[in-house]
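**Student:** Each chain, written out:
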Amino acid sequence: MELWKLPAHSLHKLLVGGEVTAQEITSAFLQRLREVEPQLQAFITVTEELALEQAQEIDRRREKGEELPPLAGIPFALKDNISVRGIPTTCGSKMLENYIPVYDATIYKRLREAGSVLVGKTNMDEFAMGSSTEFSAFHVTRNPWNLERVPGGSSGGSAAAIAAGAANFALGTDTGGSIRQPAAFCGIVGIKPTYGRVSRYGVIPFASSLDQAGPMARTVTDAALVLNVISGHDQRDSTALKEPVPDYTSYLVPDVAGLKIGVPKEYFGEGIAPEVGAAIWEGIRLLEKLGARVEEFSLQTASHCLSAYYIIAPAEASSNLACYDGIRYGYRADVDDLLGMYTKSRRVLGSEVRRRIMLGTYALSAGYYDAYYHKAQQARTLIRQEFKEAFEKYDVLITPTTPNVAFALGAMVDDLLAMYLSDVCTLAANLAGLPAISLPCGFSQGMPIGMQILGKPFAEGKILQVAYTFEQETEYHKEFPPVSKGVM
Amino acid sequence: MQELEPVIGLEIHVELMTKTKLFCGCSVGFGAEPNSQTCPVCLGHPGSLPVLNKQAVEYAVKAGLALNCRIASTCKFDRKQYFYPDMSKNYQISQYDQPLCGEGYVDLEVDGKKKRIRIKRAHLEEDAGKLVHGSTAGGDVSLVDYNRSGVPLLEIVTEPDISSPAEARLFLTKLRNIIQYTGVSDCRMEEGSLRCDANISLRPRGTTELGTKTEIKNLNSFRAVERALAYEIERQTKVLAAGERVIQETRHWDEQAEVTRGMRSKEEAHDYRYFPDPNLLPLLVDQGWVERIRATLPELPDARKRRFMEELGLSDYDAEVLVAAKDVADYYEEVLKYYGDAKMAVNWVMVELMGLLRKEGLEITACPVSAENLGKLLVLQEKGTISGKMAKDIFAEMFSTGQDPETIVKEKGLSQISDAGVLAGLVDKVLAANPESVAAYRGGKDRALGYLVGQVMKETRGQANPQLVNQLLRERLDQPE
Chain A
1 MELWKLPAHS LHKLLVGGEV TAQEITSAFL QRLREVEPQL QAFITVTEEL
51 ALEQAQEIDR RREKGEELPP LAGIPFALKD NISVRGIPTT CGSKMLENYI
101 PVYDATIYKR LREAGSVLVG KTNMDEFAMG SSTEFSAFHV TRNPWNLERV
151 PGGSSGGSAA AIAAGAANFA LGTDTGGSIR QPAAFCGIVG IKPTYGRVSR
201 YGVIPFASSL DQAGPMARTV TDAALVLNVI SGHDQRDSTA LKEPVPDYTS
251 YLVPDVAGLK IGVPKEYFGE GIAPEVGAAI WEGIRLLEKL GARVEEFSLQ
301 TASHCLSAYY IIAPAEASSN LACYDGIRYG YRADVDDLLG MYTKSRRVLG
351 SEVRRRIMLG TYALSAGYYD AYYHKAQQAR TLIRQEFKEA FEKYDVLITP
401 TTPNVAFALG AMVDDLLAMY LSDVCTLAAN LAGLPAISLP CGFSQGMPIG
451 MQILGKPFAE GKILQVAYTF EQETEYHKEF PPVSKGVM
Chain B
1 MQELEPVIGL EIHVELMTKT KLFCGCSVGF GAEPNSQTCP VCLGHPGSLP
51 VLNKQAVEYA VKAGLALNCR IASTCKFDRK QYFYPDMSKN YQISQYDQPL
101 CGEGYVDLEV DGKKKRIRIK RAHLEEDAGK LVHGSTAGGD VSLVDYNRSG
151 VPLLEIVTEP DISSPAEARL FLTKLRNIIQ YTGVSDCRME EGSLRCDANI
201 SLRPRGTTEL GTKTEIKNLN SFRAVERALA YEIERQTKVL AAGERVIQET
251 RHWDEQAEVT RGMRSKEEAH DYRYFPDPNL LPLLVDQGWV ERIRATLPEL
301 PDARKRRFME ELGLSDYDAE VLVAAKDVAD YYEEVLKYYG DAKMAVNWVM
351 VELMGLLRKE GLEITACPVS AENLGKLLVL QEKGTISGKM AKDIFAEMFS
401 TGQDPETIVK EKGLSQISDA GVLAGLVDKV LAANPESVAA YRGGKDRALG
451 YLVGQVMKET RGQANPQLVN QLLRERLDQP E
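So the sequence lines, in the order shown, correspond to chains A and B.
With the first letter of the first sequence counted as 1, position 238 gets the number 238 in the working numbering; the numbers rise by one all the way through.
With the first letter of the second sequence counted as 1, position 469 gets the number 469 in the working numbering; the numbers rise by one all the way through.
So that you can see chain B by itself, here it is in the shape it has in the complex (with noise of 0.2 Å):
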């Protein structure tokens, strides 16, 4: 049998952080009380009507443009119906045929050479409420809260572009990393705010003509995306190896079970029945505004990672891991306003800072230390203040206390000990008390430096300068008797 290449497509729903839903006044919070932010609009009160929201279609201008997607100059709103008790009004308001954004792409980077991942277009669409499913005295119940219901979203579909379950990971990371960039949406996978639904299909290695293709829900993370359609090829491949057809069908990524499910046909068998919504008109797209919108867009992340090698120094792999993560790169750029060795901060920053964060579960946004002080951390070690070890100590103490660096210095009497006077009696003292070393020393045993050293170390409590220290033991040592 001929070599099996996969096809995968995916598609994103973005929940854009507006302040109110998209066709009604009411916020968008996550996390309230159930139904407590709704209104006849987002309720489907018979006779109410949905009132486009500006400040949503100019998030979705701006992720549109970050995707490098041609934005529409007009476009209309359809409904999409089905029933289900958390649609209230059992239809969905989208778009269909003229989406908002139209064609774009996402560069990635895969095995040092660049992969374009087409997107086909991306369109704005409401929410729907929740279900939740539970039993009270009176027996089982599902009970529906409507405070997601008309939450707007941006459905972005990608072209069949992608190739493997690693491919898709790396671009949804790429894809999420942009929308940060933008500010229109956090993203957070585990809020909803960003969901993924993924369709697959094999096909002979090196034809063009599409196989049958499944369509995978139910994928919670960017891990479950992965894990998912690595099974898919595998059950995909079985079942073309026994010579039977992938039927057209969409399935359910059991978590637990690592497994993807076909789901009833009775439950997918979907006519839409889209057709204009008649109490929207359709939407005129001014293209100075678009370009307007398009010069409040940030640096994305690709032109970043560039910046921080080519302006920098950075190394690549740092660059990346900095850009990777919008809050990171932010916090980094903060340091250097205080601190100018870049390559010096982009090592604490991703060393030491990322390190504690990591072990207390902080994300950036929280972390106790800001980017001020960390800077002024910095400059003190590299004045010779404190020394690199104490810089580390005073950091720990810093990051569980948050005070700033100068004032733990201070009342813990830690600064360095840069006096060749003051250093040059100990550094005396300590010779007067260690003959051996000194003449292992001078017999040309180098290491016997460090153990000197040390010796001064402990006689300041690790306050001396440690190199002053060892180029006054040089001094002392390299005379003649």
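Just chain A, same shape as in the assembly (with noise of 0.2 Å):
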């Protein structure tokens, strides 16, 4: 039996059986991790002594006849802009190469008290700016489905290891499409919760109005599990909002009858490529068969997220990474005055991180902030208005995750327009701080394919839902990358 491959509710049973014990769970992984990281090089810090330690504890837990809750001994990986204490959490930028953070994120909290297990902290683009997890100031990973391939970004490294099972289960950060488009990349399910679903606190900032942390899983049922733990109200962080948190596997039903899917036209034109586009469609017509209605319309505002976004993210990560100047922790360059040391220690970020906050200071700028970032959020107000206004009409909304399959390696870094594109898909989701999630709904040149469907605020049980009834009928999550070369 190879445990890396089981589901984590098929684990709990295990364990809770009296099968197998959590650190023979976590040594599989651990052994899993180890075959398939000389390859994909998904991590950047590997916690293999915690976790067993971890581990352990969960089988003591057990052995004294404490119940144990449903992800308990369940090994994950967390993407490293996610704060752990005593742990180095780098954000894969040089600047916090020897950060150690002195303090846990609340999802890391959440998580240890639902006594999930941390197997390592994945790689990502620096300060999850990039879409390819390239801008990894250490090193780059790989697509399992193909080691030519980028796993896209920016949790490449989390998506990497759940499609390979280096993990049961990931946490990414998703300011634009970070867990979806890799998730869809490696074909894998990821979530980006509703804006205020799930707690920031100790999530290192990107874009802190579009950032949201959420679950990257091999199947529906794990996201749902996950989600349940890390959704909530935390008061170290004032945008969690206080919205209850329903048990969000209770709407794992396969059940679309009556169902109203809106299906936006402008997600399937020009740029999307035809064998993606075809996918989707083939995904929707089986949901319709299972008696969801179809509805194509109109988001006439979907050409101007990209522009929004490339102003208002690049603005919040201007003033967010303000704050690495080397005075108080990160990398501080030997200069004796105090402009020197601020111009020679941030010179450490990557150029990509340099180019935002070049752009974002701009945007801000007196005289630039009316025709820039004003005007941004404006449209970020056109854009949530037209969701609301189709959420009115439609129960979710379906589109591709990405415009294409995953990317070769090197391809896009010196075409960085072409690398934006690549989450025009899912930009609006951040915009207007909706639910989305992205599951694997066929493949294209071997690689997977990942569909988007989008929920209002707060309807994550809906999109699960949708994506549990379709998960159900389809053969697509339960397919193994080979962790090898593919064929180009």
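Among the clues, some could well be false.
Said to hold, decoys possible - Going by beta-carbon spacing under 10 Å, a handful of chain B positions derived as facing chain A:
#	residue
1	Pro40
2	Val41
3	Leu43
4	Gln81
5	Ser142
6	Thr212
7	Asn218
8	Phe222
9	Asp271
10	Pro278
11	Leu336
12	Tyr338
What the hints assert, rightly or not - The calculated DSS-like cross-link candidates involving lysine-lysine, where the alpha carbons are at most 30 Å apart (straight line), are:
#	chain 1	residue 1	chain 2	residue 2
13	A	Lys375	B	Lys80
14	B	Lys76	A	Lys388
15	B	Lys76	A	Lys344
As the list claims (entries may be wrong) - These stretches of chain B come out as covered by chain A in the derived footprint (C-beta under 8 Å, 3 or more residues):
#	region
16	85-97
17	179-192
No wet-lab data here; the hints were simulated from the structure.
The beta carbon of each residue, even a glycine, is placed where N, CA and C say it ideally should be.
Fit chain to chain and form the complex, with the hints in mind.
**Tutor:** Here it is as structure tokens:
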């Protein structure tokens, strides 16, 4: 029995039934991790010792007859921008290479309270700025479906690790698609929750009004279990709303009868690979066959998402990243004068990060604020408004997660606009604060295709139900990647 | 050249005395070990988030109400961005275009006339840390203490309604007084819990257009504000008289040299790039809550002064001096709980008590004589148990020992002799021993009476009731022989 291939709910059954120990589960995943990591390079830090300790603790609790929660003893990975006290949290940056947080992120704390076992911190584009994980300051992570391709980003390490079975689930963060795009590229499930659903305390920010952490897992059920644990108000995060948290697994019912699906035409137009569009439509038709009602409609604001995003996100980033000045923590250049220390220290930031800081600084500058930041916020309001109207007509919206399947390593490092465009389908959910899920719905060129389902704010249950129904009717999630070079 | 008039506006930062900081749970106490009152939030550690302290909002609203400000029903927090090592995030959370407190005013009395200084706005913001420069074996160092980082401040901005340095000082004194009355800040300039920057420009008297202003920083006392403004008026007058233009800039007050100096323009070329802090939701201020806060406002200085004058019959001067220091006025009112003569009490508080406090360099809050004991002392005097002279001596004793007046009177056997029977014998004795004085008095020299009273007092070691002695002596002397 290959434990690393099993979903969390199956592992839980084996564990409480006494058929395996948490240590055996963790060891199985760690072994798998060691097996695939040389090819994938999905991790920045592997916390093997800690994982075994945490697993041992779960076994002790089980022996004492304690009732174990559903994710107890389940190994997981964290994107390396989620703080863990005492464990390096680098954000994929040389700036934070030696930074060790003095406190835990709320979501890590919640997973620990649920008994989950941390196996490591995963690679990411520096400060989550990128869509391929090639902008990590440390190394490139490869796609387990084809080692010549990118895993997507910025949560590429988490996606690759989960697809390959190096952990059962992972947490990623999503500012413009950073959970969903790599989930799609690696053939797994990724959820970007409603803005305010999950605490951001301890999650190192990229763009605070857009960032949201969420689960990445092999199945919809596992993702729902993780969402159950991490969701909810946090007194340390004013933007983590008090909206009650339902049991998301209660939505895992295969039923879409009468469901109204809206399909925004703009997400199937120019720039979308025909195979991708076809696979999504095939998925939509399947849901229709199961009783859903499908209607195409137009989202007029769709074309403005990218430009609004590339003003707002860098603007917030320019401010959020100002704290990296070499004074309190992080890299400090050895220079005598203050200005020199600032500039030299900050030069350790990668080119993409510096580019976005400059963009954002410009957009907020006196004389430009109205033309850029303010305008982008106005566009954002319109985008939000249009989605609100759409959800008066439809229960969920379905689009491709990405315009194409995972691209080749190096293909876009010199064509940033093309890379930015790979997020074109996912940005709107962040701008409008909506929950969205990506799940596997086909293959093209031997690479997974992701289908995105969007819901109205706090309708995670609804999108989980649609995703679950689809998953029950398809086999894509049962495929395991070869972790080898594919045929390009 | 036309006569010029100064146009002055002030920006005052008041530290709010909340238990914890504006956006985290750290303590705000002054003088703690450097960096001991810090956490990931106020140190700006990656991923930490601010959570607004409701008490700070309440205090800001309270101060705003006391300054007659309109309280916004909704406001927001913005990031003011600049790099400086005392800024833990390299941005300060402040309020840019939607302050918590809008227009308000403070009324002054200038040359017997009411003068209204308008408040433009008052907003909440977090304080920065403090840089300490020093040297170690390894060379010169700059150290940062983040204890102050995140301490709640209320920034109060006036309209340019102030017309002279003296008026600026008067305004500050009044403002401090009002804030102290609300109890939201102790407003100690020496501890930095009240800070002031001043904007000043000149214009031809009688015109309305504003001239180019300069901003003066590093004002560490009310006196400094007054002196710096006076200096700046002189400087700008000279500049304008020479046909030059005043440069809009920030100038630093040099306390020793008593001059303002322009800071290098590079240092002040700030574009703060304000934008709404996405980590904080817009603040909705419930107007019912505001009214409940208004109901907790204490009687403010102007109202109290009016009451002191109208109900207690105090003079304008006495009432003004009393209310100008809340603690003194509080003490005074406490004394009145034990002693009913308001005018007598005000003299004692303002002359005897304040005199000794000044001499010992003590604040009234550290006064060794409780208001209750002072009240009791005055009662003893009124009842004639002790004389006025004795009261003063006993008071001095109370001040140095902290004892209550009854104990001192008892222990020292100081109570006044008011028994006519006892005094009559002594009066006879003194009269018999001083025939010359008796003759002098009867010869029309009233002054001789004083001498005789003194003799009786001497016999009783000062304990005789002087009025009674006086009366007894007159009775005897005025009797036909």
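**Student:** Flag every earlier hint the structure violates by its number, smallest first.
**Tutor:** As far as the earlier hints go, 6, 7, 8, 11, 12, 15 and 17 are violated by this structure, in ascending order.
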